[in-house]
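J.: So the chains spell out like this:
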Amino acid sequence: MGSQLERIKTAVIAGKHTEIEEFVREALSKDFDPNRIINDALIAAMDEVGRRFADQRIYVPEMLVSAMTMKKGLEILKPLLKGEKTSDRGVVVMATVKGDLHDIGKNLVCMMLEGAGFRVVDLGVDIGVEDLIRKVEEIGPHVLGLSALLTTTMPEMARVIEALRERGLRGRVKVMVGGAPVDLAFAERIGADGYGKDASEAVQLARDFVALK
Amino acid sequence: MDLKPDFERIRKTARHEEPDRVPLCEALIEYPIQSQFLGRQVKADDLKSQMEFWAKAGYDYIPITVGMMTPGRVTQESAISRVIRDVMLKDSPDADDEKAWNLEYTSFINNRKDFEEFPWEVAGQLDFSKFYEVESLLPEGMKVIAVSGKIFTLTWMLMGFNNFALSLIVDEQLVADVFRKVAQIQFEALEKIFSMPYIGAVWVVDDLAFGSGPMISPQAFRDHVFPWYREMAKRCHENGLLFFLHSDGDLSLLMEDLIDLGVDVLHPIDPTCMDIFQIKEKYGDRLCLVGNVSNELLRSGSPKEIEATVKDLLRKVAPGGGYCMGSGNSVPEWAKFENYMAMRNTTLKYGSYPITL
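Those sequence lines, one after another, are chains E and S.
Be aware that the first sequence starts at 1, since it is given in my numbering, and climbs by one per residue.
Be aware that the second sequence starts at 1001, since it is given in my numbering, and climbs by one per residue.
Keep in mind that the hints were calculated from the coordinates and are not lab data.
Heads up, the beta-carbon is just placed ideally off N, CA and C, and yes, glycines get one too.
Be aware that a few hints might be false.
[As the list claims (entries may be wrong)] Beta-carbon label-pair distances, calculated as ranges:
1) E:L81 to S:D1086: 49 to 55 Å
2) S:W1334 to E:R134: 44 to 50 Å
3) E:S29 to S:W1120: 25 to 31 Å
4) S:A1308 to E:D55: 34 to 40 Å
5) E:A54 to S:E1238: 54 to 60 Å
6) S:R1286 to E:S29: 42 to 48 Å
7) S:S1212 to E:G171: 31 to 37 Å
8) E:G171 to S:D1091: 50 to 56 Å
9) S:M1341 to E:R167: 53 to 59 Å
10) E:R165 to S:K1304: 45 to 51 Å
11) S:R1222 to E:E22: 45 to 51 Å
12) S:K1349 to E:E166: 36 to 42 Å
Isolated chain E (complex conformation) (with noise of 0.2 Å):
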């Protein structure tokens, strides 16, 4: 039985994305059950892709090949989950600061968070404080995330976390922070409630954080 769930999860892994549908049909008609199907074989997958995209042994274009192949299969499951519990994990808003119009980062991070289970609602890049606020109160995430390449976007993070502190949001909400030039220690300093080095780490923040709600 293992083995259908090992072969969706194979295929995630290597980008099988033509496959894939074929490999999750093939699962519910010997009537797996689809939060297994996801939990234990999809977001599995992700997981280990995580660990391959930390380690160097995958790029980018491999990654991105196994999410794509990852949603596909996902594509199938979601209508099955109807009526039951939503499959979302949290909701992570996440945005690229004011001034800073790097993105390959923080689509990374997008990517790795809806395969772990997680709803993304993706502010895009260049966004500013008042946009930041405004949308923190319009959702209510559990997570924000900050993204910054510049050494001179940084003081953004800075200012979006006393601004939720203004506002009285800052307990409603997790601040997590990375990009090249960001640090433990930045985070720290700025009162950020995280700092993850790539996406596998910001994954594991975000999963902390929900866990601690």
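With chain E fixed as given, assemble chain S onto it according to the hints.
T.: Below, chain S without anything else, positioned relative to chain E:
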């Protein structure tokens, strides 16, 4: 300290010989820094003042861009921006909206049809006027370094990174075709400048890596990017020019490939993720290194800290040649001017061979 420009200084350094002093070397120094140095405003269209800056500041060349992108980023002046605004968005009401034309916000080649319809011919019409204008301005001994376009970066920017990365696996031929078109435009431009006797080197400015390592697998670079750079290095060497490569990020996994394909000079040995002392030890006899003075330090440090960093580099990396002093990326307008001056002045003061620090 001799400030007279002499491109032979860089040639000797690249051959791992010791010239009279360690050369100063940057791919880009933004105009506000040049302006402060000269005490008057230097603008993009004022080549005479730019030349004065590079010569007086102690450089042996002036960098001039020949490509679809200016080094560092896409601007309104980049050739590719004009192609997109004047041709692709000609009838669009969004033509003046930066988010519609700037490749840092958007992309244009999402599929085969987009590729076929892209105005490649117009994109290939590059402006060489600065290359002609510069000839009469060059002081004796000074050369031009042609800063060539970004084959890798422009390809992924035209396609959007996610689409590019995905296509690399699911539609590899499309990616190969975009690479080919972008590279062909660069090659045609280079063939034109090879005939100009005052060109000393070609400097490819193309980011290949993140701080964590290569942006795509080393094998994908070997399949799609490095063959173009190998050919470019070959054409440079046939014409007696040095071949420089700039890439941010951690290049450790690509070092052997870069040496093998013919890179003479590597810049900037990104100080945020690479250890120049280890790189010197491992590859220093096969590659000339440039830069490594942290941009963060240029922004937030003190002249004293800069002096200590520069002295350390002179002491450990410069002996025997094979090293030019410079920033860990470029000298942006947000660098403190006194820190830029500290980097320059310390090099000029303590960088005479033999290094006695």
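J.: Does each hint fit the structure? Answer for all of them.
T.: Now the hints, each set against the structure:
no.	hint	result
1	E:L81 to S:D1086: 49 to 55 Å	50 Å, holds
2	S:W1334 to E:R134: 44 to 50 Å	29 Å, violated
3	E:S29 to S:W1120: 25 to 31 Å	49 Å, violated
4	S:A1308 to E:D55: 34 to 40 Å	36 Å, holds
5	E:A54 to S:E1238: 54 to 60 Å	42 Å, violated
6	S:R1286 to E:S29: 42 to 48 Å	59 Å, violated
7	S:S1212 to E:G171: 31 to 37 Å	33 Å, holds
8	E:G171 to S:D1091: 50 to 56 Å	51 Å, holds
9	S:M1341 to E:R167: 53 to 59 Å	44 Å, violated
10	E:R165 to S:K1304: 45 to 51 Å	36 Å, violated
11	S:R1222 to E:E22: 45 to 51 Å	33 Å, violated
12	S:K1349 to E:E166: 36 to 42 Å	49 Å, violated
In summary, the numbered hints that this structure violates are 2, 3, 5, 6, 9, 10, 11 and 12.
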